[in-house]
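K.L.:
The primary structure of each chain is shown beneath.
There are 2 protein chains.
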Amino acid sequence: MAQKGILVVVSGFSGVGKGTLMKCLVERYSNYALSISATTRSPREGEVDGREYFFRTRDEFQTMINGGELIEYACYCENFYGTPQKYVEEQMEQGKDVILEIEIQGALNIKKKYPEALLLFVMPPSAAVLKERLEGRGTESPEVIDARLRRACEESEGIENYDFILVNDDLDVCVKQMHGLITDQRWRVNRNLDFINEIRTEIKAFSKGEV
Amino acid sequence: MAQKGILVVVSGFSGVGKGTLMKCLVERYSNYALSISATTRSPREGEVDGREYFFRTRDEFQTMINGGELIEYACYCENFYGTPQKYVEEQMEQGKDVILEIEIQGALNIKKKYPEALLLFVMPPSAAVLKERLEGRGTESPEVIDARLRRACEESEGIENYDFILVNDDLDVCVKQMHGLITDQRWRVNRNLDFINEIRTEIKAFSKGEV
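Just so you know, the protein sequences line up as chains R and L, in that order.
Using my numbering, the letters of the first sequence map in sequence onto residues 32 to 242.
Using my numbering, the letters of the second sequence map in sequence onto residues 32 to 242.
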């Protein structure tokens, strides 16, 4: 039963630990491919073009949009982010489960194009923990933290559109749970119609005494 | 996050090993309660009233229907089978995940009344294995085996209405998989709205500088 891979969208508040979660997932299990987004935002310290993101100018980004190269794109904190389609499709065809880390607007666009995509929203164990994590990172100004808190309010309005929440309290537990949720999808009835039809046809043959 | 239990419907071909699967599940994990069906069929050797089934006469069964005591009922091989509502609701309120082993007609009725119910269909690894198991039990006449094969054909037409298939090849693997599928449902967004709203309200308070 070689299956096409599963498309998984992961969203969650800034500071909730999505990056670490996905890094662990990919290191621990071999069935995943992380989609790399294109963005017009500036690289942070240590970020490498083609690893964390494809860093593009506004003009280059516009060319990708015009050329239909992006599955979805959205504007977040005045920068554009988008998902190049080619890599996602190739990996899924090879049976890899492809993880997209995108924000809510992009997630809903993905669900329209790929109704079978699994939408996961990573939650902090409490709002206080989220605030601590945002402040604790220490790399952002108070204005940026405030902007993220305001954005978190907006994003939290869309959680109902996701399939499952993941509570990132204990990282190890959360990684295992995420892996379980994704691999479960392989047993969805609509992903196994070939197998079901094969059994069905054979049972009919038995029932008619043909075998 | 005390949650109401999950309602799980398990169907599958006769001889596929549903009974053994559920017995293992209940022995191994403490979060399950098996619903006991009422039936008008005669007890098989070793079956006890109130353990395997509530064995009832046709008149008694009709009284339960009239009194609205059954969530669903259906006719299968000329006998009536039904699910008493009271036990199911009580167990779910206590947080137990309630398993109903019912056939397809009943399963679809459950889904209408409880749209969040999880519908699982147990498959044999192959049609040949199913035929062997049906013949190998040795307790049924060729006529009954033929009737089951014909019924299996009918039932297989409805598998598309289920959420997931379980392939019962290795019992231990199948039990673990079933447990995983069920417990994952606890993280469905629509089962965690209270928690989501709590976080949402607190983040809004932070964002407004109220805390």
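Certain hints may be false.
Treat identical chains as interchangeable: a pair holds within one or across any two.
[Stated by the list, open to error] Taking lysine-lysine pairs in the DSS-like style, the calculated list, with each CA pair at most 27 angstroms apart, reads:
| id | residue 1 | residue 2 |
| --- | --- | --- |
| 1 | LYS239 | LYS117 |
| 2 | LYS239 | LYS49 |
| 3 | LYS117 | LYS143 |
| 4 | LYS54 | LYS35 |
| 5 | LYS235 | LYS49 |
| 6 | LYS239 | LYS162 |
| 7 | LYS235 | LYS162 |
Calculated from the structure, these hints are not laboratory results.
Note that the coordinates shown come from a computational prediction; the quantities given were computed from them, not determined experimentally.
K.L.:
Taking each numbered hint in turn, which are not upheld by the structure, reported in ascending numerical order?
P.N.:
1
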